[in-house]
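Undergrad: Sequences listed follow chains A and B, in order.
Under the numbering used here, the letters of the first sequence match residues 10 to 259, in that order.
Under the numbering used here, the letters of the second sequence match residues 1197 to 1696, in that order.
In short, the hints are calculated from the structure, not lab data.
We put the CB at the ideal spot given by N, CA and C, even for glycine.
Please note that a few of the clues may not be correct.
[Stated by the list, open to error] Here are the simulated DSS-like pairs of lysine-lysine, each with C-alpha atoms no more than 27 Å apart in a straight line:
(1) K1501(B) to K1616(B)
(2) K87(A) to K1508(B)
(3) K32(A) to K1501(B)
(4) K1508(B) to K32(A)
(5) K82(A) to K112(A)
(6) K107(A) to K47(A)
[To be verified] Here are some of the chain B residues that sit facing chain A, going by a computed Cβ distance under 7 Å:
(7) S1331
(8) H1375
(9) G1484
[Stated by the list, open to error] Coverage of chain A stretches by chain B, computed from C-beta distances (three or more under 8 Å per stretch; other residues unrestricted):
(10) 41 to 50
(11) 71 to 79
(12) 99 to 112
(13) 149 to 157
(14) 231 to 243
(15) 246 to 254
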Amino acid sequence: MFNNLKIVYHQGKQYIRNTATTKVPGIFRGRPVISTEKVNETELIGLCPVNAISANPVSIDMGKCTFCGECAKQFPNKIRFTSEYKIATNERARLIVKEGEDKLVEVNPKTVRSDIHRVFGNSLKLRQVSAGGDNSCEWELNASNNVQFDMGRYGIEFVASPRHADGIAITGPITENMAEALQICYDAVPEPKIIVLVGTDAISGGIHAGSSSLNRSFLDKYPVDLYIPGNPAHPLTIINGLVDLTRKRK
Amino acid sequence: MENFTTILNNQTIPVADIPEVNYATFLEMNTGFILSSPERHCVNYFGYPVKNQIKLICCIADDNTHNIHVSSCLVNSVDTLDSFTARHYCFEKFEREIHENFGIGYKDHPWLKPVRYSKNRFDQSKTIANYPFYSIDSDELHEVAVGPIHAGVIEPGHFRFICNGEQILHLEIQLGYQHRGIEQQFLDKKNLLQRSTLAESIAGDTVVGHTTTFSHIWESLCGIQPTRDIEFSRTLALEMERMANHTGDLSAVCADIAYQLGNSVLGRLRTPLINFMQEWGGNRLSKGLIRPGRNQFPFTPELAKRLKEVFKAYEPDFVEMNKQLFQLPSALSRFERTGVVSYDDVLSIGTVGMAARMSGLSRDIRSSHPYSLYPEIAHEPILKHHGDVYSRVQIRRQEVMQSMQYIRELIENVPEYVEKEPVVGSPKPNSFALSLVEGWRGEICHCAITDNSGELILYKIKDPSFHNWLALALAVRNNEISDFPICNKSFSLSYSGHDL
């Protein structure tokens, strides 16, 4: 008992006080900023392993981007990754960052379904479904609930049964072999319910986009309520996205 | 000419140099290598189409001589063959995979079931929803089905238990839900950065392990000698990945025995380790850090100084927490003699990494087939002998300390980085290359074959979990079903690395 208390004392305060303003250490690659400098666009576009860069205007789709940083390395004056981790949004189009723009990527409160604020404003329980996820986003979702990030303080938790859940959080590009299980799980969640896509693989298929082993037809059937980009998504991206969607931060 | 050729880790040879023998000789020779030689094990055995036939290639590593014996054989997909498995169980998964992909039959394979329901499997009528589970007809037994979606935030797989009351008689593990067609994508995507990104996503918790293996095989195929600073970064990153995952798994084991303090403290201790990886390469799970032929994020003396600070804060907390955990009677009673796999069993099914070392079988590529800077480290594998949960958690605790020691020695001498153009080569035509790396779970093996224009025609990936899932199924036999979570977490195997 005394030993346990000593350990608790040695830990000190571990939690991040403000999950919206804290700084991430080092050279985190978050929201990119694209300058208006003229570069060889064909070369720039050809560089991207996942076709996330397009021309006219030059833009990066964070829903496709693997955040490898190769474009910023080769074209440092054109593209720069900021350490801005608040990049989750409810509108797919907002994930596309255009040249000359340096604005936050946020949840648009006007287009959030009205049920979400009313029903999930104080408590949100999610059932996580890994559908071909490589265990990186799964690790970060678990980390969101550790004593440092402590997502539980906002009343957001993962639950074991879809019957207890308010929605599903999908990771991975959705494999053919997992498609049926995903559908059954979603059907088991009572209404009203939300769908959250966590990570680049879930949003666009990521590096696996176009693989014949995927079956992403589930996403054609239902509206997505939140896109959380990243490869994997950072716990702070996940927490801020979910908090902003449900307006838990008063 | 001999019936096999001998190569070393990370060596490229012409495909034509691999002797082609008839199946009877192939079978006798390769099973003969293994039988009664615990220092030899099969690192890869696979098939690929050559004209209208299937070419089988078998790679047997010898841990004492550091050699890898490679041989091949041409068969037809309509053939029904004598199985290697009937002679030695360590081949069972490989032959199931060959059967699944090409339809080759085996007369005496005891368990010829689907492996992962890959997209280009031979028999498309077999689907993941109709897996042929083993069952026992008895009024006294019941079955428990778990998954593919589990209670926690983890990857999918289906577990089918046959129980007598609370006691598990048999567990069958059905995988394949994570299949993304990675091996096929390696052939379809031609760009090196795409392939590096693919290697990163084989198993997102073993990013350094798989990208290092891919980088080694690519450099070997192209005849590039990586510079010391590159190999330094890989060695350092591999040991950091081991520390972070072991710390996280110890935390999860605490969660499974309801020891909240251990769960919280060890869970938060993983954070400074992976945050350091972000400071170094911009990503907590090391994505984007390792690339073939180039040093993407040179390790600087400033980073070395930072890492020393991280360890200085990490070590006393890690030591204190584990000292307490390993003297708690309530924890030890859950660890000891739970989920035992004997030395004879791990040898017979051919486990690797921690799942071998837990039972006294010394399998560690860092010492048996060293690469990067491991020849200088003179690594001594940590061995335990009981094969239970206790052995597995002890290995983790000690390997964390060992890795920290290696890293501390490494960063005393950070190699100078000279900015230079990355070396890009093109793979040699008609070649075969093999690369082995000891990831935190165990031995990772990649094999590649090129055609006469130097383009990949085969990329074969083997994650350590390919061998080790069977060990979990054996471990839980005769245990209470309530001990399954702790058995599972003490192995901590990869679904995505297995399913590809």
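Undergrad: Hint by hint, work out which the structure violates, then give me just those numbers in ascending order.
TA: 2, 7, 10, 12 and 15
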